[in-house]
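Novice: Chain by chain, the residues run as shown.
There are 2 protein chains.
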Amino acid sequence: MTLLVRPAQARDDDAIWGIIGPTIRAGETYALPRDMSRTDALSYWKSPDHEVFVAERVGEGVSAVLGTYYMRANQQGGGSHVANCGYMTAQEASGQGVARTMCAHSLEHARARGFRAMQFNFVVGSNERAIALWQSFGFAIVGRLAEAFEHPRLGLVDAVVMHRML
Amino acid sequence: MTLLVRPAQARDDDAIWGIIGPTIRAGETYALPRDMSRTDALSYWKSPDHEVFVAERVGEGVSAVLGTYYMRANQQGGGSHVANCGYMTAQEASGQGVARTMCAHSLEHARARGFRAMQFNFVVGSNERAIALWQSFGFAIVGRLAEAFEHPRLGLVDAVVMHRML
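In the order they appear, the protein sequences are chains A and B.
Using our numbering, you'd call the opening residue of the first sequence number 854 and step up by one each time.
Using our numbering, you'd call the opening residue of the second sequence number 854 and step up by one each time.
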């Protein structure tokens, strides 16, 4: 079985919604409205300025989309040399290295596109697994936003800004 | 002469463009495309999720819009209790306290709207006057983004993230 990362196609909408829907509904890792509709969620994830990829497990005659990420310029104009990404993994594929594979792909792709750095603007502080994963890829915490996120179970938690040069 | 801060009206478009146009063209303080059209610039400044104000000097039978700012929630969902603002002052009114008046107004307005903190995501590091002004209002530098901004004269400079509770 191989995990292939490829550009998302229109036919992936159901699979993408199957991943981002539960993540948005849970409301624990992304600052998005928990009741966001499928249409609004897909419009956001597939915004005109987002380049969207899916991670698909292929082999043995079956395939399944297990993750998706977007890439965009984090700022316009004088800030457009810094990339920003958002990654989501299917709940049933958690812990299988899907996010790791997508992050590795995104760093290569960002370099290929000419970005010179990558920044995550809002990593929820209680999402320790994600923070550890980004750190393993060389991202550093360069900012801490006190009580910036209302976690549905934990209440107000910090968010962090993470960054690395490419 | 009094500096009045009030919600922007459609009739303020020319005045707003007269302020944000030169600032965008200069490209030294905002991460926006320097060649942004008037239409795109006004669409950005007056985005549906932006609440826009103007600072108008009134008295002696004349009035002039000398500054404008927007307020929005910096994030959606679990991050929607943190406000974000952008402020621009007319070049000819620089140093007259327009930004200070707008910032004071925005802090009051953000409290009235129920925001619990305010964050500036991308203050260009070479914009020392702005940083000092925000610090005088209690904002702290909570993050530093290395070489995040390509300044047209200075080359790559840092940007900082600034934050204060309300």
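No lab work stands behind these hints, which were simulated from the structure alone.
Ideal placement from N, C-alpha and C gives every residue a C-beta, glycine not left out.
It is possible that some hints are incorrect.
To be verified - The following residues of chain B were derived to be distant from chain A, with all beta-carbon distances above 10 Å:
hint, residue
1, Asp-902
2, His-903
3, Leu-960
4, Ala-983
5, Gly-991
6, Ala-1001
As the list claims (entries may be wrong) - Under 10 Å between C-beta atoms, here's a sample of chain A residues computed to sit facing chain B:
hint, residue
7, Leu-857
8, Leu-998
9, Met-1018
Novice: Could you check the structure against the hints above and give me the numbers of any it violates, in ascending order?
Specialist: Those not satisfied are hints 6 and 7.
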